[in-house]
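Trainee: Which chain is which? The protein sequence lines are A and B, in order.
Going by our numbering, 135 is the number at position 135 of the first sequence; the sequence numbering is gapless.
Going by our numbering, 158 is the number at position 158 of the second sequence; the sequence numbering is gapless.
In short, the hints are calculated from the structure, not lab data.
Just so we're clear, the structure is a prediction, and the values are computed from it rather than from any experiment.
A portion of the hints provided could be inaccurate.
[As the list claims (entries may be wrong)] Computed, partial: chain A to chain B, Cβ under 10 Å:
(1) L156
(2) G159
(3) T161
(4) Q164
(5) L166
(6) Q168
[Said to hold, decoys possible] Label-pair restraints from in silico Cβ distances:
(7) L185/B / D146/A: 47 to 57 Å
(8) V24/A / K131/B: 42 to 52 Å
(9) D153/B / G20/A: 50 to 60 Å
(10) T35/B / D146/A: 27 to 37 Å
(11) S243/A / K131/B: 16 to 26 Å
(12) D146/A / Q276/B: 40 to 50 Å
[To be verified] Which stretches of chain A does chain B cover? Using the computed rule of at least three CB atoms under 8 Å from a CB of chain B, they are:
(13) 140-151
(14) 169-176
Using N, Cα and C, we set each Cβ at its ideal position, and we do this for glycine too.
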Amino acid sequence: MKQPGRLSLNTWLVPLGWLGLLLVLAATMPYLESLFRVIEPDMREVIYRRAGFFTLLAQHVMVVAIASLLAVTLGVGAAIAVTRPAGRDFLPLVSQLASIGQTFPPVAVLALAVPALGFGTLPIIVALLLYGLLPIVRNTLAAIDDIDPGLRESALGMGMTAGQVLRQVELPLAAPVILAGIRTSVTINIATAALGATIGASNLGDPIIAGIVNSNTAYIVQGALLIGLLALTVDSAFERLASAPST
Amino acid sequence: MIELFGVSKHFANETAVDGISLQIKRGELCVLVGTSGCGKSTTLRMINRLIEHDAGEIHLDGQPVRSFNEVALRRRIGYVIQSTGLFPHWTVARNIGLVPRLLKWPKAQISERVEALMQLLGLPLAEFADKYPHQLSGGQAQRVGVARALAADPDILLMDEPFAALDPLTRQGLQREMIELHARLNKTIVFVTHDMDEALTLADRLVVMDQGRIVQQGTPVELLREPATPFVESLLGGLDRGLKEAALIQVKERMLPFGPRLLASERIAETAPLSQALSVMLWHQVERLTVVDAEDIPVGELSLRRLLGVTAA
Numbered sequence: 001m002k003q004p005g006r007l008s009l010n011t012w013l014v015p016l017g018w019l020g021l022l023l024v025l026a027a028t029m030p031y032l033e034s035l036f037r038v039i040e041p042d043m044r045e046v047i048y049r050r051a052g053f054f055t056l057l058a059q060h061v062m063v064v065a066i067a068s069l070l071a072v073t074l075g076v077g078a079a080i081a082v083t084r085p086a087g088r089d090f091l092p093l094v095s096q097l098a099s100i101g102q103t104f105p106p107v108a109v110l111a112l113a114v115p116a117l118g119f120g121t122l123p124i125i126v127a128l129l130l131y132g133l134l135p136i137v138r139n140t141l142a143a144i145d146d147i148d149p150g151l152r153e154s155a156l157g158m159g160m161t162a163g164q165v166l167r168q169v170e171l172p173l174a175a176p177v178i179l180a181g182i183r184t185s186v187t188i189n190i191a192t193a194a195l196g197a198t199i200g201a202s203n204l205g206d207p208i209i210a211g212i213v214n215s216n217t218a219y220i221v222q223g224a225l226l227i228g229l230l231a232l233t234v235d236s237a238f239e240r241l242a243s244a245p246s247t
Numbered sequence: 001m002i003e004l005f006g007v008s009k010h011f012a013n014e015t016a017v018d019g020i021s022l023q024i025k026r027g028e029l030c031v032l033v034g035t036s037g038c039g040k041s042t043t044l045r046m047i048n049r050l051i052e053h054d055a056g057e058i059h060l061d062g063q064p065v066r067s068f069n070e071v072a073l074r075r076r077i078g079y080v081i082q083s084t085g086l087f088p089h090w091t092v093a094r095n096i097g098l099v100p101r102l103l104k105w106p107k108a109q110i111s112e113r114v115e116a117l118m119q120l121l122g123l124p125l126a127e128f129a130d131k132y133p134h135q136l137s138g139g140q141a142q143r144v145g146v147a148r149a150l151a152a153d154p155d156i157l158l159m160d161e162p163f164a165a166l167d168p169l170t171r172q173g174l175q176r177e178m179i180e181l182h183a184r185l186n187k188t189i190v191f192v193t194h195d196m197d198e199a200l201t202l203a204d205r206l207v208v209m210d211q212g213r214i215v216q217q218g219t220p221v222e223l224l225r226e227p228a229t230p231f232v233e234s235l236l237g238g239l240d241r242g243l244k245e246a247a248l249i250q251v252k253e254r255m256l257p258f259g260p261r262l263l264a265s266e267r268i269a270e271t272a273p274l275s276q277a278l279s280v281m282l283w284h285q286v287e288r289l290t291v292v293d294a295e296d297i298p299v300g301e302l303s304l305r306r307l308l309g310v311t312a313a
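Okay, chain B solo, but in the shape it has when bound (with noise of 0.2 Å):
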C-alpha cells in the first residue's frame, strides 16, 4: 500500500505538488491523469525518491519511504519509463537481469527469471535474448522496460507514460496485456498518462491532477457519471464522454441471453465494448445485433433500447 499526506514539491519558485493526499491500495491500478506540467510525473518521482518530497509524508506499508536507504528501496519498486531507459550496450537478456544482479541472486537463478520474463511478456528467449536495444521496435523495447522493470518481483510497479511513443496500434496492444498482466500477477500499480482514453482503459482508480493538485479521483465509471469540475469533464471528452463510458462496457453486461427466433445479420462479439456494438449498428444501420462467444457462436442478441440501458421492457 502506497500513502501520500499532504505531499508537496516546490521546483525554485513553481509548485509542481501541492498538499496531495492519495492511498493507493495494495494491487491497484491507479492511474495519474492529467496535461503536462500537473504534477503527475513529479508525483510518481517522489514514491521512488528519484525527487524528494519538501513537505507531507510518503509511507509504503505504513513506513515512510524517507526511512528506507534509497538504492534499496528502488530495487524493490519496478520502474518504467517512456524511452524505456534501455541501455544500448548490453543485451535484452542482460538488461532485464539488471536488478537481480544488483540484488547479487545467484546467476542461475537471474537467468531463469529473465527466462520467464521473456516469455511473460511475449519476447521468445531464442530469437531475443542476444538482441541490443537498437535491434527492437518500440513495442518489444517497452515489452523489454516492462520485463526488467518486473524483474525482481517487486510489489509495485511505477509507469511514467510507458506507451506514450508507440503508434496507436502497438499501444492498445500493450494495454490489453498491461491489464491481463495485472490481473495475473496482482502488483499495485501506479501508472502515469495524459491519454485519458488509456486512463480510462487500464485504471481501477483514476486520479485526476491539475496544477500540482488531485482535482478528482474515483472508479472511470464514476468520473464519468460525475466529473467534479468543467475541467475533469473537459478532460474527460466533455460530450464524448457516453461514447467512452460505452467503452468500458462489455456487451455481454447488456445483451439478451437468448434472443428471438430469428438472427440478426449483424454479429459481434461479447467481449466487444458497447461502444463498438454502437459503431456497427450505425454503420450497417441496423437496430439489432446477435451476440457471439470467441467460438463465434451465438449467445444472445443486443438491441438498440438494450445498448442504450433503457430498462423499462
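Only chain A is shown next, with the shape it has when bound in the complex (with noise of 0.2 Å):
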C-alpha cells in the first residue's frame, strides 16, 4: 500500500501550514499594534511585551510536550501491562483510575498541588498528566480489546512469544486507535496548559491571564490566537501521522 510521493507531500503541507502561521503569527505580533489598537482603542498597552512570544511558545510546547510523553508513556504501559494475563486483575483499577483523572477538574489538580510541588512548572506538568491520561488509557485498552481473539490465538499457536505478539501483531492493529487517544489527550492539553500561568509556569496562557486580570482584550486575543493555531499545528500533525500507511 504504497502512497505516491506528492500525495503524502501534500498532506504534510497542512500541519506545516499551519506552524508557518504560528511562527510568523508569534514574530510580526509586535509588530501588529495598529490591529490591536482596534480591539482595544483606549489601553496604555495593547501588546503582551512582559515575555517574548518565542519564548511563552517554547515553554508552553516543553510543558505540553513533556506531560503528553509521560501520560503516552504511563497510560500505553499501563494499559499493555493490564491486557497481559499476569496484569489483567487490574484492568478494572486502571481504567477506573483514568477515569478519575479526567473527571477532576485540572484547577481544582493545580489548587492541590501548588501546596505539594510549589509554584511553577511541575505542579501544571502533574495536571496535565493525569488530566491527559484517560484518552490514551481508554484507547489502548479499547484497541487492545478489540483484537480478534483468533489472532492471539494463532499467532502463540505458531510459536510466537508473548513479546513478539504484543509487538509484532496487538500493538501494530491497535496503533491507530491508540494514536486517535494521543492526539486528543495532547490537543487538550495544549489548550489546558494555559492554566498553567495562573501558578506562575509562564507560557501562552500569560497574555490571557494578564488580559483578564487587566480587562485588555487585546492581550486574551494573541494568547488564544497562537494557542489555536499550535492545537491546529499539532493536530493536523496526527492527522496525517493517521493517514500514513503503517507499516
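Both chains are given apart, each in its own frame, so use the hints to dock them into the complex.
Mentor: As C-alpha cells, then:
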C-alpha cells in the first residue's frame, strides 16, 4: 500500500502551513499594534510585552510535550500491562483511575498540587499528565481488547513469544486507535496548559490571564490566537500521521 | 507419533477432558469428532500446549511435551484454526513466511519456501503474494492458513475446525485438497470437527468424543458398521449410515470390469462414491450404470445388485 510521494507531501503541507502561520504570527505580533489598537482603543499598551511570544510558545510546547510524553508512557504502558495475562486483575482499577483523572478538574489539581509541589511548571505538568491519561488509557485498552482473539491464539500457536505477539501483532493493529487517543490528549492539553499561567508557569496562558486581570481583550486575543494555531498545527500533524500507512 | 496417556483437563469446576488415552501414528490423519463442548478442541490445544494438561502425559515421539520449550514446540507443529488467524496487517506472503522468520531462516530460503507453498496450495504467486487477508475469499484465506501452518515443514499439523466457516462447495473442495495434500506430504494430522461427513471423508482413523471422554475410535467403516453406543450411532446419522458408508466406497470396488454387450445409457465415473451411483440410479430409475474412467471411456458396469454388495451371483 504505497502512496505516491506527491500525495504524502501534500498532506504534510497542512500541518506545515499551520506551523508557518504560528511562527509568523509569533514573530510579527509586536508589530501589529495598530491592529490590536482597534480592539482596545483606550489601553495604554495593547501588545503583551512582559515576555517574548517565542519564549512563551517554547515554554508552552515544552510543558505539553513533557506532560504528554509522560502520559503516553504511563498510559500505554499501564494499558498494555493490564491486558497481559498476569495483569488482568488490575484492568478495572486502571481504567477507573484514568476516568477519575479526567473527572477531576485541572484547576482543582493545580490548587491541590501547589501546596505540595510549589509554584511553577511542575504542578501544571502533573495536572496535564493526570488529565491527559484517560483518552490514552481508554483508547489503548479498547484497541487491544478489540483485536480478534483468533489472531492472538494463532500467533501463539505458531510459536510467537508473548513479546513478539505484542510488538508484531497487537501494537501495530492497535496503533491507529492509540494514536487517536494520544491526539485527543495532546490537543486538550495544549488548551489546558494555559491554566499554568495562574500558578506562575509562564506560557501562552500568560497574556490571557494578564488580559483577564487588566480587562485587556487584546492580550487575550494574542494568547488565544497562538494557542489555537499551536493546537491546529499539532492536530493536523496527528491527522497526517494517522493516515500514513503503518508498516 | 503423538501419544496421550490418561490426559485430563479441568476448567474451574468443569471437566473438559477426562482421562483420555490416544495414540496417533506417524503419517496418520486422525479426526477428533463430537458435539461442541465434548473436549475435542481442548485435546488438540493440549498437544501444542496452548492449554496445559492437568493430569496424565502427552508424548511427542516418545518425549513428554512438557520437556520441550513451549515456543520451540509450537514452531515444530503446524496450527490451523477456523478463523484463519491471518494477520490483517501483513501480506499473504509475509503471513506464510511467519514461522520460518521466527526460526531465523535466511531470507532467500524463506521466499523460496513461501513460493513453493503458494504453488502447492494453488495460490498463484503473482496474484496473491502482495494481497492482504481482507482481499481474499474464505477458501483462499484458509488455503493461506494451511500454507502458513506448513511453512516450516512441521511433522505434525493440528487443525481446529478449519473449514467450518466455509460454504459447502468450498469446504468440499478443500477437503479433497486436504486428502491429496496428506497423501503427498505424509504429515501426521490431528483434525478437529463437529461435521461427521467431513470426519468420514478425511479420517484414516476417527475418534469420537463425548463429555471429555473417548467413546469409540476406529476406521470410518469400522465405526459405521459397529457403533459402540447409541450416541455414536446417532452421531453417524442413524439410519442414514448406509448412505454414509456408501459415500466412502468407490464405484470401481464394486463394478464388474467387463460389462455385458449392451452399454447402459447412464454413466458414472469409476472414482465416484457408491452413494452417488445409487443417486443416479434413483434419479433415472435404472438398475444398471456404465462405469467410465477419467477419459470417459467405459471400463465396466455396475448393477444395483453389485452396488448393494450382494455377493452371491
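Trainee: Does each hint fit the structure? Answer for all of them.
Mentor: Here is what the structure says about each hint:
no.: 1; hint: L156; result: 6 Å, holds
no.: 2; hint: G159; result: 3 Å, holds
no.: 3; hint: T161; result: 6 Å, holds
no.: 4; hint: Q164; result: 7 Å, holds
no.: 5; hint: L166; result: 13 Å, violated
no.: 6; hint: Q168; result: 8 Å, holds
no.: 7; hint: L185/B / D146/A: 47 to 57 Å; result: 37 Å, violated
no.: 8; hint: V24/A / K131/B: 42 to 52 Å; result: 47 Å, holds
no.: 9; hint: D153/B / G20/A: 50 to 60 Å; result: 57 Å, holds
no.: 10; hint: T35/B / D146/A: 27 to 37 Å; result: 31 Å, holds
no.: 11; hint: S243/A / K131/B: 16 to 26 Å; result: 22 Å, holds
no.: 12; hint: D146/A / Q276/B: 40 to 50 Å; result: 46 Å, holds
no.: 13; hint: 140-151; result: holds (count 3)
no.: 14; hint: 169-176; result: holds (count 3)
In this structure, the earlier hints numbered 5 and 7 are contradicted, and the remaining ones agree with it.
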